[in-house]
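J.: 1 is the number of the first residue of the sequence shown in the working numbering; add one for each residue after it.
Keep in mind that the hints were calculated from the coordinates and are not lab data.
What you are looking at is a predicted structure, and each value in this text was computed from that prediction instead of being measured.
Careful: at least some of the hints might be erroneous.
[Said to hold, decoys possible] Listed below are the simulated SDA-like cross-link pairs for lysine to any residue, each with C-alpha atoms no more than 20 Å apart in a straight line:
hint, residue 1, residue 2
1, Lys758, Lys697
2, Lys401, Ser480
3, Lys476, Asp455
4, Lys476, Gly454
5, Lys153, Lys140
6, Lys473, Lys546
7, Lys401, Ser449
8, Lys473, Asp396
9, Lys821, Phe841
10, Lys766, Asn819
11, Lys503, Gln225
12, Lys473, Asp289
13, Lys115, Tyr141
14, Lys504, Lys697
15, Lys451, Gly281
16, Lys655, Phe618
17, Lys302, Asp289
18, Lys451, Ala595
19, Lys558, Gly281
20, Lys667, Phe618
21, Lys504, Leu106
22, Lys758, Asp743
23, Lys435, Asp396
24, Lys451, Met494
25, Lys478, Asp396
26, Lys133, Asp122
27, Lys733, Cys675
28, Lys766, Asn756
29, Lys655, Glu734
[As the list claims (entries may be wrong)] If you anchor each label on the Cβ, the simulated ranges turn out as follows:
hint, residue 1, residue 2, range
30, Lys665, Lys731, 18 to 28 Å
31, Gln508, Ser86, 35 to 45 Å
32, Ser607, Asp677, 19 to 29 Å
33, Asp87, Lys61, 47 to 57 Å
34, Arg710, Leu823, 24 to 34 Å
35, Val854, Gly777, 56 to 66 Å
36, Glu579, Arg754, 51 to 61 Å
37, Ser91, Val854, 27 to 37 Å
38, Thr226, Asp87, 43 to 53 Å
39, Asn811, Lys665, 25 to 35 Å
40, Gln614, Gly712, 27 to 37 Å
Every residue gets a Cβ at the ideal spot worked out from N, C-alpha and C, and that includes glycine.
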Amino acid sequence: MKKGFWLVLLAILFGGVIVYALWYINKRGELQNNSKDSFIPCNSALVININPGVALSSKIKTAFASDIQELEKLLLYKAAYALNNSDLISSTSKVMALRTEGKDKLVSLFVMDNKNVLSGSDIVDFLQKNFGKSAGTFRKYDRYKIYSLQAEKEEIFYAVEEGMVLLSDSELYIEDALKQFEQKSEGIEQQAQFQQINKYFSASAGLNVFLNASCFADLLPMFIQTKKLFPHLDIASCFRWGALDGELQEDGIGLNGFMDYAGLEASFMKTLEGQKPGEAGIDAIIPADVASFFVLNLSDFKAYLTALDNYRYNAGLIEQIRKRKQEYTKLLGKDYETELKELLQGEFVLVNMAFNERESRNEGIVIAELKSGGLCKTWIEKIIGNHARLTNVHPDRYVHKYAVDREQSFTYYTCPEEDMPAVFWGYLFEGIPAKYVLIQDNYLIFGSSEKVIGDFIRSYVHRNFIRDTDWFKKIKIKLSAKYNLAYFANTEMMMPYYKAVVKKDWKQYMQSREEALSVFTALAMQWSNEGGILYNTSFLSTEKSKDRKQPHLLWQTKLGARISMKPVPVTNHVTGEREIFVQDENNDVYLLNDAGRVLWRLALGESINSDVVQVDAFRNGKLQYLFSTPSRLHLVDRNGEYVGNFPVTLKADTKAGMALYDYDKNKNYRIFVPCADRRVYLYDIRGQLIKDWKSGKTDKDIVTRVNHYRIGDKDYIVYADQYRLYIQDRKGKERIKISNVFDLWENTELYLTRRNGKMVLAFAGKDGAVNIVDFQGKVEKVNCIGPASGFHFNVADINAGSDVFIFTSGNRLSVYDLNGKCLYEKELDAAGLDFPYVYRFSGVDVRIGLLDKVKSQMMLLNLKSGMSEGFPINGDSPFSIIFADNGNFYLFAGVDNGSLIKYKVQR
Numbered sequence: 001m002k003k004g005f006w007l008v009l010l011a012i013l014f015g016g017v018i019v020y021a022l023w024y025i026n027k028r029g030e031l032q033n034n035s036k037d038s039f040i041p042c043n044s045a046l047v048i049n050i051n052p053g054v055a056l057s058s059k060i061k062t063a064f065a066s067d068i069q070e071l072e073k074l075l076l077y078k079a080a081y082a083l084n085n086s087d088l089i090s091s092t093s094k095v096m097a098l099r100t101e102g103k104d105k106l107v108s109l110f111v112m113d114n115k116n117v118l119s120g121s122d123i124v125d126f127l128q129k130n131f132g133k134s135a136g137t138f139r140k141y142d143r144y145k146i147y148s149l150q151a152e153k154e155e156i157f158y159a160v161e162e163g164m165v166l167l168s169d170s171e172l173y174i175e176d177a178l179k180q181f182e183q184k185s186e187g188i189e190q191q192a193q194f195q196q197i198n199k200y201f202s203a204s205a206g207l208n209v210f211l212n213a214s215c216f217a218d219l220l221p222m223f224i225q226t227k228k229l230f231p232h233l234d235i236a237s238c239f240r241w242g243a244l245d246g247e248l249q250e251d252g253i254g255l256n257g258f259m260d261y262a263g264l265e266a267s268f269m270k271t272l273e274g275q276k277p278g279e280a281g282i283d284a285i286i287p288a289d290v291a292s293f294f295v296l297n298l299s300d301f302k303a304y305l306t307a308l309d310n311y312r313y314n315a316g317l318i319e320q321i322r323k324r325k326q327e328y329t330k331l332l333g334k335d336y337e338t339e340l341k342e343l344l345q346g347e348f349v350l351v352n353m354a355f356n357e358r359e360s361r362n363e364g365i366v367i368a369e370l371k372s373g374g375l376c377k378t379w380i381e382k383i384i385g386n387h388a389r390l391t392n393v394h395p396d397r398y399v400h401k402y403a404v405d406r407e408q409s410f411t412y413y414t415c416p417e418e419d420m421p422a423v424f425w426g427y428l429f430e431g432i433p434a435k436y437v438l439i440q441d442n443y444l445i446f447g448s449s450e451k452v453i454g455d456f457i458r459s460y461v462h463r464n465f466i467r468d469t470d471w472f473k474k475i476k477i478k479l480s481a482k483y484n485l486a487y488f489a490n491t492e493m494m495m496p497y498y499k500a501v502v503k504k505d506w507k508q509y510m511q512s513r514e515e516a517l518s519v520f521t522a523l524a525m526q527w528s529n530e531g532g533i534l535y536n537t538s539f540l541s542t543e544k545s546k547d548r549k550q551p552h553l554l555w556q557t558k559l560g561a562r563i564s565m566k567p568v569p570v571t572n573h574v575t576g577e578r579e580i581f582v583q584d585e586n587n588d589v590y591l592l593n594d595a596g597r598v599l600w601r602l603a604l605g606e607s608i609n610s611d612v613v614q615v616d617a618f619r620n621g622k623l624q625y626l627f628s629t630p631s632r633l634h635l636v637d638r639n640g641e642y643v644g645n646f647p648v649t650l651k652a653d654t655k656a657g658m659a660l661y662d663y664d665k666n667k668n669y670r671i672f673v674p675c676a677d678r679r680v681y682l683y684d685i686r687g688q689l690i691k692d693w694k695s696g697k698t699d700k701d702i703v704t705r706v707n708h709y710r711i712g713d714k715d716y717i718v719y720a721d722q723y724r725l726y727i728q729d730r731k732g733k734e735r736i737k738i739s740n741v742f743d744l745w746e747n748t749e750l751y752l753t754r755r756n757g758k759m760v761l762a763f764a765g766k767d768g769a770v771n772i773v774d775f776q777g778k779v780e781k782v783n784c785i786g787p788a789s790g791f792h793f794n795v796a797d798i799n800a801g802s803d804v805f806i807f808t809s810g811n812r813l814s815v816y817d818l819n820g821k822c823l824y825e826k827e828l829d830a831a832g833l834d835f836p837y838v839y840r841f842s843g844v845d846v847r848i849g850l851l852d853k854v855k856s857q858m859m860l861l862n863l864k865s866g867m868s869e870g871f872p873i874n875g876d877s878p879f880s881i882i883f884a885d886n887g888n889f890y891l892f893a894g895v896d897n898g899s900l901i902k903y904k905v906q907r
């Protein structure tokens with residue numbers, strides 16, 4: 001009997017164990033299958049799924065170190081951080097949700113996976129151990145426990161239920177989260193956008209972001225004055241929800257996903273339905289120096305206008321638009337809108353050029369692409385005529401001129417009505433009053449002031465467009481090439497505007513964190529339509545740009561390619577004004593006037609390898625430009641046309657380039673060209689060979705230009721091959737025989753200087769020593785820098801009356817007297833110093849100009865006082881400095897891989 005009892009009891013216990021094991025396995029699986037989104041209340045405005053391994057970049061951490069420290073002091077984030085770094089929480093993603101409660105309270109909810117899904121005591125014990133016994137205080141909420149945790153004046157709440165840990169600074173948020181789960185588990189229907197939101201996200205992304213538009217519209221006004229930012233736009237009506245994948249990269253923060261606006265008839269985004277995303281070309285006309293711009297890119301402009309009317313009707317805006325258009329009909333004429341509609345292509349841009357803080361308004365332009373600029377000009381003149389008649393103003397009062405220089409001016413007009421872009425194309429274009437209007441090429445440009453019209457014209461003349469700026473090029477590659485709507489901003493330039501539209505507390509924060517916020521350099525957002533879904537890509541960049549506005553920059557003109565030579569100041573023989581001659585790496589030469597306007601452009605096909613000199617070929621006071629390229633000799637007039645039988649093809653190619661001399665200053669020019677056949681050829685100004693010149697062949701390839709010196713009553717023609725120096729007379733006969741053997745670099749420069757009371761030649765050899773040759777044939781070697789893999793050498797007077805030797809090599813600048821004594825030596829913050837040019841500002845102010853080709857920086861150095869004010873500045877070509885009639889000095893140089901600048905040098 002006893003035996004049977006024990007067998008029955010054992011069977012019952014065994015069965016109980018099996019039942020418990022089955023229940024445990026089933027319950028554990030059930031709890032493990034619970035998803036975090038089941039606990040996210042439907043009224044959450046923003047939900048962020050944080051995947052394992054995601055972290056802020058080192059740049060952002062460093063910039064906002066103090067803010068991060070303050071955040072980590074908050075009890076809620078202390079507890080969340082402690083749990084996340086314990087072994088009690090699964091290493092899966094964590095969810096943070098945000099919403100507003102009450103009038104202006106922002107609250108957070110963290111949802112994390114509990115490793116021990118069947119027990120919450122480990123979590124409670126952990127929080128008690130780390131935050132005190134108060135962490136064990138709880139109250140019942142239905143069948144759940146909600147714990148509270150207090151520290152000083154802070155109180156947070158948490159629950160450990162259904163395999164999850166919920167943590168919030170709002171008890172109500174915890175309640176709603178548990179209620180949300182309870183309803184879902186009971187099969188009660190939830191809002192569609194909160195069901196399995198993970199299906200919208202990429203598991204490989206660092207972050208997943210979910211936006212609930214109706215609630216997000218309540219959250220945004222806590223930070224931004226939405227009516228100031230969007231006076232006629234209801235953000236809640238733009239989209240229903242959005243799902244975005246985020247990446248925290250070293251060079252910025254990226255978001256990529258889509259927004260759903262299906263069923264929202266009053267959504268502005270419905271105006272983009274049916275519009276195919278495309279590549280926009282309007283950035284080819286937007287000025288470079290802008291703060292931000294919106295681009296609207298339409299494949300079917302007429303369909304957009306129909307959709308815009310429908311949107312305005314559903315948004316309750318149509319009546320005020322109809323009223324305004326009726327007023328337009330009276331003022332501008334019956335068919336004003338139809339005629340303009342036929343001229344528009346479909347690309348539009350609103351450009352913020354600056355923010356007027358005193359008046360709290362943007363200065364800028366609105367640009368629309370045209371099918372015909374000529375026909376649009378006719379349209380403008382027609383509506384101005386109608387407006388003038390009705391307002392009893394003479395039409396000439398509407399017409400204005402902007403003079404770029406004495407030869408070129410642009411016509412623009414007073415715009416009849418300032419709200420035309422917003423009325424015609426949507427409130428996206430409000431905020432920039434259309435006070436003036438300009439037609440340029442096939443673009444219609446509305447401007448908020450005469451100043452911005454002038455700024456646009458100058459950018460157009462100088463070819464300085466946004467597509468060539470470093471910040472825009474860097475952020476553009478982060479986005480898709482095709483889109484319907486896009487926003488680009490230089491965040492540093494936009495900061496005054498951003499501070500003006502945020503709420504007061506956030507404005508104070510931004511003012512106190514300007515240095516930290518400067519880590520963000522650019523912002524870009526774009527939207528592309530497909531069906532009822534709007535695909536969105538955004539990027540907030542922390543990558544530094546090379547764009548740096550120089551305070552003394554007078555103008556910058558974009559050319560076709562990087563400038564390949566030192567700009568040459570020349571004289572306009574008609575006006576006497578200074579002009580600039582320059583060549584780019586496409587082998588095109590340009591003549592620009594002193595205002596930076598390109599007067600002409602000429603394709604050479606080869607790079608210039610000589611000085612560019614002005615000559616009076618016809619002895620009539622009109623000047624031409626003479627120079628050589630490897631295979632030809634060129635003579636070009638001031639209109640960019642070749643003179644006579646030029647260009648002249650040389651007998652053989654030249655590396656050293658031509659040199660021109662006027663022996664007797666009577667304009668009987670002589671042009672020497674050393675060629676690859678080891679002969680020196682002599683031409684007259686007509687390009688004809690001089691028969692009396694009888695120079696023989698050199699022993700090796702010629703490595704210098706041909707130089708002419710007159711000492712006393714004798715002329716000396718001097719040049720060298722790699723190993724030998726030749727000194728001849730004007731007919732090519734040897735005047736002095738030099739028997740010494742040298743070893744010279746290609747393109748060695750020969751200098752005439754005075755040493756110990758007599759004239760001598762000075763030139764550097766490969767060994768870093770300077771060779772001194774007098775005109776009796778005596779040779780002396782002066783040791784200076786020693787052997788170097790590469791150096792540049794100049795001889796000039798920087799020492800009040802006596803020449804010195806100037807060397808650059810790598811990052812080192814060295815100066816020696818003519819006997820080899822080192823006078824100055826300095827290692828500069830440079831990597832590849834180019835030729836040391838010398839500039840004289842006064843009898844006692846002489847400076848050395850240097851280009852660091854590696855770092856693309858220009859330096860101007862006084863050996864006594866150091867680096868000149870304002871230097872170094874960005875630049876990628878050798879520079880020229882001229883003295884102007886107004887007493888100022890101006891620098892001309894290449895910058896930014898293809899622009900020429902004029903820069904005022906500080907004395």
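J.: Could you check the hint for me, namely that Arg710 and Leu823 are 24 to 34 Å apart, CB to CB?
T.: holds, 30 Å
J.: Checking one constraint from the list: CA of Lys503 to CA of Gln225, max 20 Å. Satisfied?
T.: holds, 6 Å
J.: Does Lys435 pair with Asp396 here, judged by a C-alpha cut-off of 20 Å?
T.: holds, 16 Å
J.: Regarding the pair Lys476 and Asp455, is the alpha-carbon distance no greater than 20 Å?
T.: Violated, because 24 Å separates the two Cα atoms, which is more than 20 Å.
J.: Using the beta carbons of Val854 and Gly777, state whether their distance is inside 56 to 66 Å or not.
T.: About 42 Å separates the Cβ atoms of Val854 and Gly777, which means 56 to 66 Å is violated.
J.: Sort out whether Lys140 lies within 20 Å of Lys153, counting only the CA atoms.
T.: violated, 23 Å
J.: Is the Cα-Cα distance between Lys401 and Ser449 20 Å or less?
T.: holds, 14 Å
J.: Given the hint that Lys655 pairs with Glu734, does the C-alpha gap stay at or below 20 Å?
T.: violated, 23 Å
J.: Given the hint that Lys758 pairs with Lys697, does the C-alpha gap stay at or below 20 Å?
T.: violated, 30 Å
J.: Confirm or reject the claim that Gln614 and Gly712 have a C-beta distance inside 27 to 37 Å.
T.: Holds, since Gln614 and Gly712 (Cβ atoms, about 29 Å apart) stay within the stated range.
J.: Would you check the hint for Lys504 and Leu106, treating anything up to 20 Å between C-alpha atoms as holding?
T.: holds, 16 Å
J.: Does the Cβ pair Gln508, Ser86 satisfy 35 to 45 Å?
T.: holds, 37 Å
Hints 1, 2, 3, 4, 5, 8, 9, 13, 14, 15, 16, 17, 22, 25, 28, 29, 33, 35, 36, 37, 39 from the list above are not met by this structure, while the remaining hints are.
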